[in-house]
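Q: Please arrange chain Z on chain S, whose structure you already have, making use of the hints.
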Amino acid sequence: METEELYSTLSRLMEGDDQEAVKKFLIEHIKEFSERDRENILTAFLEDALDKENINDKALLDFQNKAIAAFKRLEAEKAALEKQDKLLEIKENM
Amino acid sequence: MDFAKEFEKRQDKTTEAERAEQEKKEKGPSVTEILADDEKSKFFLIYLEEQEEGELAHKLLEGNLNAADRAVLEEKRGAFWERLEQAQKIKDSVGGDLENIIKVSPELQQEKKTAGIAALKKVLVDGSISRSFRDPAWMEVMSKKIEDRELGKKAIDLNNQIISEYCKKYNLKEEEFAATLALDDEESPEALKELIKGKMGFFRKIFTSHAELEEMADTIDRREAIKTGLALAENDLHELAGSLHEALQDPRAEQALAAHITGENPPKDPSFKESKAALKSYEIQDKEVSALQEVWDKKKEANKDNKSFDIDEEYGSFIEGAAENSVQNKVGKGKGGFWHAVFKLITGHKLEKKIEK
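Protein chains in written order, with the numbering used here: chain S, 8 to 101; chain Z, 50 to 406.
Extracted from the complex, chain S is given alone in its bound form (with noise of 0.2 Å):
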């Protein structure tokens, strides 16, 4: 592709609403484009993929978080009812 084929056919895509599209074409043409936009291009998709680890963290930590309250909530539990048999023990005993 010509370069200006690349940046009009870009700047097409730029205008629709389909963000996959515009990463797609522009690691399929990479290599058509000069050495520094080429770099400006992979530069550009390691902030996507720390954005998306960034995103994919927060999910993990949101599970962890979920999974360390259940087990806290079950805990408790666990405590109260240990409590409560011995009451019971000390009323049988009595």
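Check before you lean on any hint, since a few could be wrong.
With a straight-line cut-off of 27 Å between C-alpha atoms, the simulated BS3-like cross-links for lysine-lysine are [what the hints assert, rightly or not]:
| # | chain 1 | residue 1 | chain 2 | residue 2 |
| --- | --- | --- | --- | --- |
| 1 | S | K65 | Z | K152 |
| 2 | Z | K203 | Z | K140 |
| 3 | Z | K171 | Z | K152 |
| 4 | Z | K379 | S | K30 |
| 5 | Z | K91 | Z | K193 |
| 6 | S | K38 | Z | K171 |
| 7 | Z | K89 | Z | K193 |
| 8 | Z | K76 | Z | K125 |
| 9 | Z | K402 | S | K30 |
| 10 | S | K59 | Z | K170 |
| 11 | S | K31 | Z | K399 |
| 12 | Z | K399 | Z | K322 |
| 13 | S | K30 | Z | K329 |
| 14 | Z | K202 | Z | K171 |
| 15 | S | K38 | Z | K125 |
| 16 | Z | K325 | Z | K336 |
No lab work stands behind these hints: they were computed from the structure.
A: Positioned in the frame of chain S, the structure of chain Z alone reads:
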């Protein structure tokens, strides 16, 4: 008010600020040491240009410095060193975990297959210091992303330790549970599927514990309240299992997992809309073109006898800087990210067509 004490306090503050400034100045190598290092001196020159000390940079190259110039250089040195350290941190952080970062991006994975990891490393790791000097706004954005990443990973590690303790306490298979949580592990979705669809692993054990506890609860006075608590705890775990199970049915498991847990659709990058709108409304004005042409021509003229002035390289950097300014004017300072980079790419091409090299 005790004025003497207040004055003393203020004096102390000044001293503290001065001390911090002094420490900043003393940090890092001397100007002579910087100039003795090819790479550092190159970045120092770029930094001086950015600080509008182009003439000083020129004198430095010619070895024609007077005492006043040396004083200015010394003043710039501390801030330069801070910039270099910040850039180095980005390089170390990305370089130290490049393979894992690439795993998150289908596009970088594709490029890794085509061009190889060494080519990617050259651009994304080795090139990060020079990019930080060419584009300080990029460096700021990246530093923030790297900081968030490191904090996130630390929090995940800490939570893993807590969960591991709980697993030990309740005699659950903590290794299995921890392994399934490591989403960057290629095998983890499979392991999770096995855990949830199969024998249920720790979930089943928890449920068994609940059954036992429920049985006990039947024999005591507060059984209703306790049973409700247990049901809630069990429900939490069911929800977790459900979220993971559903997420695993989706080929884009990680994104789906994020969506299930946060209760939202995977967030679309807001900068796409913003960049799209900015591109649509952006037109390069003739006034802007002639102003830029004038700046570029002056720079060329000032460097006509400078043998180290690589016109192609300098022109590329000039256009890149002008495109960055356009992006900042359109979408605001300190904005970064993928879509702004695409906007910058297209704007740079438009400027290149109008500004004569």
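Q: Under the constraints set out in the numbered hints, which ones does this structure not fulfil?
A: Number 15 only.
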